[in-house]
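Protein chains in written order, with this note's numbering: chain A, 2 to 418; chain B, 2 to 418.
Misleading hints may appear alongside valid ones.
Taking lysine to aspartate or glutamate pairs in the EDC-like style, the calculated list, with each CA pair at most 16 Å apart, reads [stated by the list, open to error]: (1) A/K344 x A/E367; (2) B/K126 x B/D75; (3) A/K226 x A/D58; (4) B/K215 x B/E28; (5) A/K311 x A/D293; (6) A/K323 x A/E364; (7) B/K129 x B/D74; (8) B/K106 x A/E367; (9) A/K199 x B/E164; (10) A/K414 x A/E367; (11) A/K126 x A/D93; (12) B/K274 x B/E415; (13) B/K311 x A/E347; (14) A/K52 x B/E12; (15) A/K199 x B/D75; (16) A/K274 x A/E417; (17) A/K52 x B/E164; (18) A/K215 x B/D406; (19) A/K311 x B/E347; (20) A/K215 x B/E367; (21) B/K52 x A/D58; (22) B/K3 x B/D58; (23) A/K99 x A/E88; (24) A/K199 x B/E113; (25) A/K274 x A/E325; (26) A/K126 x A/D74; (27) B/K52 x A/D55.
These aren't lab readings, by the way, just hints derived from the structure by calculation. This structure is a prediction, so every number in the text was calculated from the model and none was measured.
2 protein chains.
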Amino acid sequence: MKAEIIAVGTELLLGQVVNTNATFISEELASLGFEIYYQTVVGDNTQRLEKLLDLADGRSELIILCGGLGPTDDDLTRDVVAAHVGESLETDKQAMTKISRYMTKIGREMTENNRRQALTISGGKVVKNPRGLAIGTFYQGDETAYLLLPGPPSELIPMFHEEVVPLLTQLLPQKEVLTSRVLRFYGIGESRLVTVLKDLIDTQSNPTIAPYAKENEVTLRLTAKTDDKCLADKLLSTMEETIMSRVGTFFYGYGETNSLMAETVKLLKETNKTVTSAESLTAGLFQSLLGDVAGASVVYPGGVVTYATKVKSQLLGIPLDKLEENGVISQFCAENMAKQIGKQLETDYAVSFTGVAGPDSLEDQEPGTVWLGIYSRKEGTRAEKFMFNGNRNQVRHHAVMRGTDLLRRQILKETEK
Amino acid sequence: MKAEIIAVGTELLLGQVVNTNATFISEELASLGFEIYYQTVVGDNTQRLEKLLDLADGRSELIILCGGLGPTDDDLTRDVVAAHVGESLETDKQAMTKISRYMTKIGREMTENNRRQALTISGGKVVKNPRGLAIGTFYQGDETAYLLLPGPPSELIPMFHEEVVPLLTQLLPQKEVLTSRVLRFYGIGESRLVTVLKDLIDTQSNPTIAPYAKENEVTLRLTAKTDDKCLADKLLSTMEETIMSRVGTFFYGYGETNSLMAETVKLLKETNKTVTSAESLTAGLFQSLLGDVAGASVVYPGGVVTYATKVKSQLLGIPLDKLEENGVISQFCAENMAKQIGKQLETDYAVSFTGVAGPDSLEDQEPGTVWLGIYSRKEGTRAEKFMFNGNRNQVRHHAVMRGTDLLRRQILKETEK
């Protein structure tokens with residue numbers, strides 16, 4: 002069933018408020034099995050909302066409007082939709098009682114505007130608002146259904162879960178359910194992933210495959226549409242297997258809100274290992290992202306940021322003359338940074354970062370040149386050289402992601418043995 | 002001039018991504034003096050985008066499209082708009098060179114898809130993308146102008162500030178020029194700022210005053226509309242003076258892309274001073290933000306992250322028995338962390354961070370409890386206790402902002418004497 006969302010409010014058009022309602026409702030509708038083709042924002046303006054309703058009538062079977070149900074004169078959604086479907090407005094007694102009680106409680110006089118929040122469209126169904134005063138309305142027209150909801154997310158979200166979902170489920174022909182699985186990849190770009198999976202993407206039907214590029218990583222969302230959860234899982238698993246056989250080496254975890262660092266911390270916890278770090282160009286970014294993961298203190302005691310050459314010697318005990326001889330953007334420096342901090346803090350692993358973030362070159366090496374060191378208590382120390390693209394902060398972020406990946410692969414290698 | 006925004010992307014219709022681009026662009030357009038009547042989201046679908054363009058042509062003079070400029074086949078904005086205006090696509094040589102260089106640099110093979118990102122509409126003007134590979138296009142039709150921008154906010158926002166604003170300013174009737182000045186405040190909430198300036202905001206006309214809450218800070222954008230740059234500057238300065246007389250103590254700098262950290266690094270450079278840090282709960286976040294500022298190496302040699310209690314002793318030489326006696330969330334710990342790292346690395350200042358980020362309590366102190374230490378070579382060491390609101394990462398971010406503010410005020414105090 003085709004649905005669309007219309008958010009009403011001039012504050013949205015002025016960029017004062019982010020339209021999180023559209024995101025929330027879209028996600029809910031998709032999981033119920035509706036197809037959403039449009040989200041629109043229109044201001045508090047009768048003519049433009051009327052025009053938009055004419056347009057939406059022709060392309061959608063369900064129109065969800067949010068906002069414009071408050072007490073002020075520019076809250077005109079109710080009035081415009083009622084006129085559009087040729088009905089009048091009527092007062093819902095229960096809602097009116099709730100408003101009267103509220104006004105008495107806060108000691109304010111009831112105004113004509115307050116009463117507006119109890120208005121509903123004749124021939125429609127009241128949608129109760131457990132967290133606020135403005136009621137919603139569901140109106141089933143001949144070919145199109147209209148659902149009016151208040152704008153504040155603190156009212157709209159609970160209303161949606163408690164009142165709207167049961168209502169909308171009845172609109173759907175059968176119980177078609179969407180089941181999604183998100184696969185996360187690091188180390189492969191979006192265009193290459195899409196090229197490798199081109200035949201699967203071109204012929205996708207059920208499940209569908211949606212690639213999405215995030216900062217330095219790519220996700221694939223597989224979505225199956227079935228009336229049976231078991232079958233959906235089977236469809237998803239079969240597709241996942243095919244994908245993994247081609248790009249499995251870049252896969253690191255599942256889920257919309259997961260991250261490479263979170264998976265790495267999980268792995269450290271599971272294997273009872275600890276990690277530390279000595280950072281130069283990244284200046285604490287690796288450790289800061291480590292600290293972002295709740296419970297990181299179990300696997301990470303601390304570390305150092307050795308930005309200046311002298312500090313690499315002061316805090317890590319690397320001889321200054323050796324640093325000057327080899328340069329700080331070198332295998333020698335990366336290996337020693339990792340080894341020294343790992344031994345000093347007695348951890349199982351240590352990762353080091355040294356290189357040129359830019360904008361200027363350093364030691365005649367161009368911005369983007371980075372050495373990453375990995376120390377393992379069990380397997381010793383090594384370092385790898387990389388060339389990252391982008392501005393200063395992109396280079397630093399690339400370096401942190403790659404360092405996390407090296408650490409994760411080192412743990413996996415040691416524990417799979 | 003009437004403008005509208007079309008965001009292209011199925012991920013938006015599925016509720017996987019919040020349409021922050023529409024909010025950002027709306028705010029920017031409003032401040033430039035455009036009137037925005039619609040924001041629409043449409044999926045990666047040729048037919049529906051075509052229909053929407055027909056509709057938008059009839060109601061807007063400027064259509065800004067964002068998203069759908071990436072390398073994959075479902076990135077179709079370029080193709081649809083070119084067909085809509087009756088032009089072909091052509092490769093921008095400069096963009097193509099950039100893509101080739103990038104692919105060579107990262108050692109990946111160039112695919113046909115990668116090349117798509119260098120395509121622009123014939124007869125249009127290329128809009129450079131300093132932070133990514135996909136270029137934008139500006140195309141002036143007979144009655145409508147089209148602006149195509151990439152979807153990732155990390156690319157779109159800098160493109161807008163650097164490339165788009167000058168372009169759009171030319172579209173506006175020439176005689177009236179908008180001049181803006183952005184004032185940045187830390188340490189005062191948006192609602193308090195707005196309350197203190199209520200009379201000015203209620204009666205604003207020229208210049209206008211737009212408050213905007215960012216993460217832990219507030220900005221005020223003053224915009225004067227005149228045909229004379231000199232007069233505009235005068236109007237802005239008069240308004241700024243009035244504002245400063247009320248909330249000047251919270252003001253730290255000017256500009257849309259400025260930050261408290263950037264201002265602090267600037268101040269350190271100007272006064273020839275250096276800073277270091279010992280971080281516990283913030284785990285490198287302060288130093289990482291310091292490292293974000295280009296040229297930070299002049300004022301910052303490095304520092305430590307002493308997450309575990311033992312490491313506070315190992316790396317900073319604070320006696321373990323004293324730490325256990327006082328607890329790590331204490332004035333003692335904060336003062337010693339700051340003093341020890343400052344003396345060890347021989348800097349002029351040092352900032353320390355210790356506290357409970359959450360979600361669990363620590364040493365019977367609830368999440369949000371933070372001690373910040375400030376060491377000054379000239380004036381000695383002190384520590385202050387704070388209680389910050391929010392989840393784990395909000396507490397860490399609050400702590401870093403407040404620590405930066407304490408440092409900035411300490412430098413100002415010493416240099417103004």
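*Hints not upheld, ascending by number*: 1, 2, 3, 5, 7, 9, 10, 14, 17, 18, 20, 23, 25 and 26
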